[in-house]
Amino acid sequence: MEKKMNLLMFSGDYDKALAALILANSAREMNVDVTMFFAFWGLFLLRNPETFTLEEKTVYEKMFSMMTPKGPEDLPLSKMNMSGIGKQMLLEMMDDNEAPHLSDFLKGALKKGVKFRGCKLSMEIMGFKQEEMIPELEIVDAKEYLKDALEADMQLFI
Amino acid sequence: MEKKMNLLMFSGDYDKALAALILANSAREMNVDVTMFFAFWGLFLLRNPETFTLEEKTVYEKMFSMMTPKGPEDLPLSKMNMSGIGKQMLLEMMDDNEAPHLSDFLKGALKKGVKFRGCKLSMEIMGFKQEEMIPELEIVDAKEYLKDALEADMQLFI
Amino acid sequence: MEKKMNLLMFSGDYDKALAALILANSAREMNVDVTMFFAFWGLFLLRNPETFTLEEKTVYEKMFSMMTPKGPEDLPLSKMNMSGIGKQMLLEMMDDNEAPHLSDFLKGALKKGVKFRGCKLSMEIMGFKQEEMIPELEIVDAKEYLKDALEADMQLFI
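Residue numbers (numbering that gives the first Met the number 0), protein chains in the order written: chain E, 0 to 157; chain G, 0 to 157; chain L, 0 to 157.
Fair warning: there could be bad hints in the mix.
[What the hints assert, rightly or not] Derived BS3-like pairs (lysine-lysine); straight-line CA-CA distance at most 30 Å:
no.	chain 1	residue 1	chain 2	residue 2
1	E	Lys119	G	Lys119
2	L	Lys2	G	Lys119
3	E	Lys86	L	Lys69
4	E	Lys61	G	Lys86
5	G	Lys146	L	Lys61
6	E	Lys3	L	Lys61
7	L	Lys2	L	Lys142
8	L	Lys61	E	Lys86
9	L	Lys128	G	Lys146
10	E	Lys146	G	Lys69
Everything labelled a hint here was simulated from the structure, so no lab data went into it.
Note that the structure is a prediction, hence the values are computed from the model and not measured.
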């Protein structure tokens, strides 16, 4: 019988998103069904830098939109970010080991059939619009997340 | 058959506590059995600001009691807190969307029958007394947490 | 039937590692099978301060090796670390309650048969060598982690 994994992506950190997407890709290669549910800061990973807009937003939503990361490569590290120096160092170390970057793992996950779900309430509070996100993202509410997670064989809050 | 969810609340951040309590409330509305176990910084959420005391505490416990958040609305954000400016901005954005605040979700969870458990060892180390916490909190040890979590259909560390 | 717990150790914080090792020790005392999988910052906990080396490392790996914690007692707090003052305060409060320190819980977990696994890719990117880690650590890849976690009764991302 097919196994299921559900990841709740809350943090919006480069390193945590990297770990989660490596797990998601590996799980798909093992034929495990994978859902990733993005809430709060986690949604920054799925912003499409090319459809960024300030239209029809309140003043706070505009400020918030401008101050926060716009897509995968823009995310900070959870530790030792040091205004980006620590992150640059980690990226160089990844290159030395020919490890793909975050956006590569994201593309891989999309191609391999990982399901991408976004939290409706978080989208509303942050003022993000559907068209500002990657097209594969489906917006659902907390109950739809819970239904999926409760049926899964493992769940992580990342 | 009734499903069970167990959340280990470790972080003591406003945004993470908000996410957890939204999940807890939604789960109860779906008739899912919910236990929240509060350890370390997570216990700050359940301090009762009105029964705060410095009596019978060591010097370190007094300092610690004074320097740390006293109840739900006092918690910082996990990111972009910026000495409270970022949090104020998020609260304004929540108000614009008529989203309830953390203390509302906490009251909702208590009313809906979410079980609140606190970590005995954390309480002892931090010098918190039972009467300084919300009355619904039951103090248990790590083994009682594990027994509940191992029987649940999903567990998250938040 | 024997229950199984799987902990993914990502963070490398003193307080989170303490919580995880208390759970691991308690679970073993309840005869629960425990695997801890260390990735990214989590690996700092298992560095052996006595076999620290800069040989055969790139410039970035050397810098990274020197700037990061070297073993359990060197880890910072996830909150209120305040350049070590907050951590010192917490340690004094633990001593006042005769609570063991992190390295004691680590020794306990090793003695009680907790399985220690390290993430292969993280080791390569950070430039850590097997002989720089505690001897009980077995290096595995993401798929081996997933296989174990999917069979477990509970999984946490810490």
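30 Å limit on alpha-carbon distance, applied to hinted pair lysine 2/L and lysine 142/L: holds, 21 Å
Given hint lysine 119/G paired with lysine 2/L - CA-CA distance at most 30 Å: holds, 24 Å
Restraint status (C-alpha distance of lysine 61/E to lysine 86/G at most 30 Å): holds, 16 Å
Pair hint outcome, lysine 146/E versus lysine 69/G [Cα-Cα no greater than 30 Å]: violated, 34 Å
Agreement of lysine 61/L and lysine 86/E with the hint, judged by alpha carbon distance not exceeding 30 Å: Status holds; Cα separation ~16 Å.
Given hint lysine 61/L paired with lysine 146/G - CA-CA distance at most 30 Å: violated, 44 Å
Lysine 128/L paired with lysine 146/G [C-alpha distance capped at 30 Å]: violated, 37 Å
Hint consistency between lysine 86/E and lysine 69/L [alpha-carbon to alpha-carbon, up to 30 Å]: holds, 20 Å
Hinted pair lysine 3/E and lysine 61/L, Cα distance within 30 Å: violated, 40 Å
Given pair status - lysine 119/G, lysine 119/E, alpha carbons within 30 Å: violated, 36 Å
The structure is inconsistent with the numbered hints 1, 5, 6, 9, 10, although it conforms to all the rest.
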